[in-house]
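Student: What follows is each chain in one-letter form.
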Amino acid sequence: MIPLSWFLIFSAALFSIGLYGVLARKNAVAILMSMELMLNAININIVAFWRYTNPSDSAGQVFAVMVFAVTAAEVAVGLALVISLYRRRRTVVAEDINMLKW
Amino acid sequence: MDPIQIIFIVVALVVLAAAVMVVTTPNLVRAALWLVLALFGTAGAYVLLNAGFIAVAQVVIYIGAISILMIFAVMLTRRVMTDSGPQTHQTWWLPALLSAALFAGLVWMLSGWSGFEASMPAYSDANQVVELGVALVSPEGFLIPFEVASVLLSAALIGAIYVAWDRD
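In order, the protein sequences belong to chains A and B. Each residue of the first sequence is one higher than the one before, counting from 1 in our numbering. Each residue of the second sequence is one higher than the one before, counting from 1 in our numbering.
The hints are simulated quantities; they were obtained by calculation from the structure and are not laboratory data. Among the hints, erroneous ones may be present.
As the list claims (entries may be wrong) - Ranges of calculated distance between the beta carbons of each label pair, as one might list FRET restraints:
no.	chain 1	residue 1	chain 2	residue 2	range
1	A	D57	B	E147	17 to 23 Å
2	B	I161	A	N98	24 to 30 Å
3	B	I9	A	R87	28 to 34 Å
4	B	V129	A	K101	46 to 52 Å
5	B	S138	A	V93	22 to 28 Å
To be verified - Derived, one-sided and incomplete: chain B residues facing chain A with beta-carbon distance under 8 Å:
no.	residue
6	V29
7	A31
8	F40
9	G64
10	V137
11	P139
12	L143
13	I144
14	E147
15	L157
Please read all numbers here as calculations on a predicted model, not as lab measurements. We put the beta carbon where it would ideally sit given N, CA and C, even for glycine.
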């Protein structure tokens, strides 16, 4: 039997790796990929808590499905922004994108 | 150590190694393919948690749709970002330090919690998908959040088409 702590430490490590990617990567698409890793870590946590606390109630799984929907929306809008930026500015490096900065 | 624990350790190591490759590989197409492996391993973790529907949804949504979108975005924005140059900032050690500190802090905080070593309660997942489906569409369940999520998703997709539209 796997104790809950294994899943929590696993998802904490995955979240930290994703945070490193978001902060250290230059390419905007790579930042979005690292964000996927962080959202996956969150989903593992949600499903693990559902399984270990109250598995007969499906609320935890519904929560995970909602996170899927929000993630899909986030990725679609994020990648559309990156492609639109690439068309206008010919760059996908996050630090060169300063049109809203003054 | 029983077989389930060994399977978990293998899955976790594969996912974490793939995740490290995602954030460190200079070649972005390879990073996207490592991301597919990490997402697949996560589906394995869901199977270990008896969440069969979530595992299948993970494979269909993440691997089938989101990673394909990522690969397309990488290919469409490839020319400027040559694969040879440095892909991380010069001060990459600062984020590394920060995420190591976050990991240590999370583990320290969780180890003080009383439910940390909880073991898995017995659970039969025979009609799990039926229960989940009923919960998603019944008014006593999660009908309103489900509808709000679908409106959010279609609004986001229409917005994505509008933003990426080539007007000139």
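Student: Now look at each hint and say whether the structure bears it out.
Tutor: Hints and how they fare:
1. Between A:D57 and B:E147 the CB atoms are about 21 Å apart, so this pair conforms to the stated range of 17 to 23 Å.
2. Between B:I161 and A:N98, the C-beta spacing of about 26 Å keeps the proposed range 24 to 30 Å intact.
3. Checked against the hint of 28 to 34 Å, the C-beta distance between B:I9 and A:R87 comes to roughly 46 Å, which is inconsistent with it.
4. A hinted range of 46 to 52 Å holds for the C-beta pair B:V129 and A:K101, which are about 48 Å apart.
5. Between B:S138 and A:V93 the Cβ separation comes to about 48 Å, which falls outside the hinted range of 22 to 28 Å.
6. Contact between B:V29 and chain A, as hinted, is not supported at the beta carbon level, the nearest pair being about 10 Å apart and thus beyond 8 Å.
7. Because the closest C-beta pair between B:A31 and chain A is about 6 Å apart, less than 8 Å, the hint holds.
8. Interface restraint check: B:F40 against chain A, minimum CB-CB distance 11 Å, threshold 8 Å, status violated.
9. About 11 Å separates the beta-carbon of B:G64 from the nearest beta-carbon of chain A, more than 8 Å, and the hint is not met.
10. Nearest Cβ of chain A to the Cβ of B:V137: about 11 Å, over the 8 Å cut. The hint is violated.
11. At a threshold of 8 Å, the smallest CB-CB gap from B:P139 to chain A is about 14 Å, leaving the interface hint violated.
12. This hint is violated: B:L143 has a C-beta 11 Å from the nearest C-beta of chain A, more than the 8 Å allowed.
13. Among the interface hints, the one on B:I144 is violated; its C-beta lies about 12 Å from the nearest C-beta in chain A, farther than the 8 Å criterion.
14. A least Cβ separation of about 11 Å between B:E147 and chain A goes past the 8 Å threshold, and the interface hint is therefore violated.
15. At about 6 Å, the closest approach between the beta carbon of B:L157 and any beta carbon in chain A falls short of 8 Å, and the interface hint on this residue holds.
Of the hints listed earlier, those the structure fails to meet are numbers 3, 5, 6, 8, 9, 10, 11, 12, 13, 14, in rising order.
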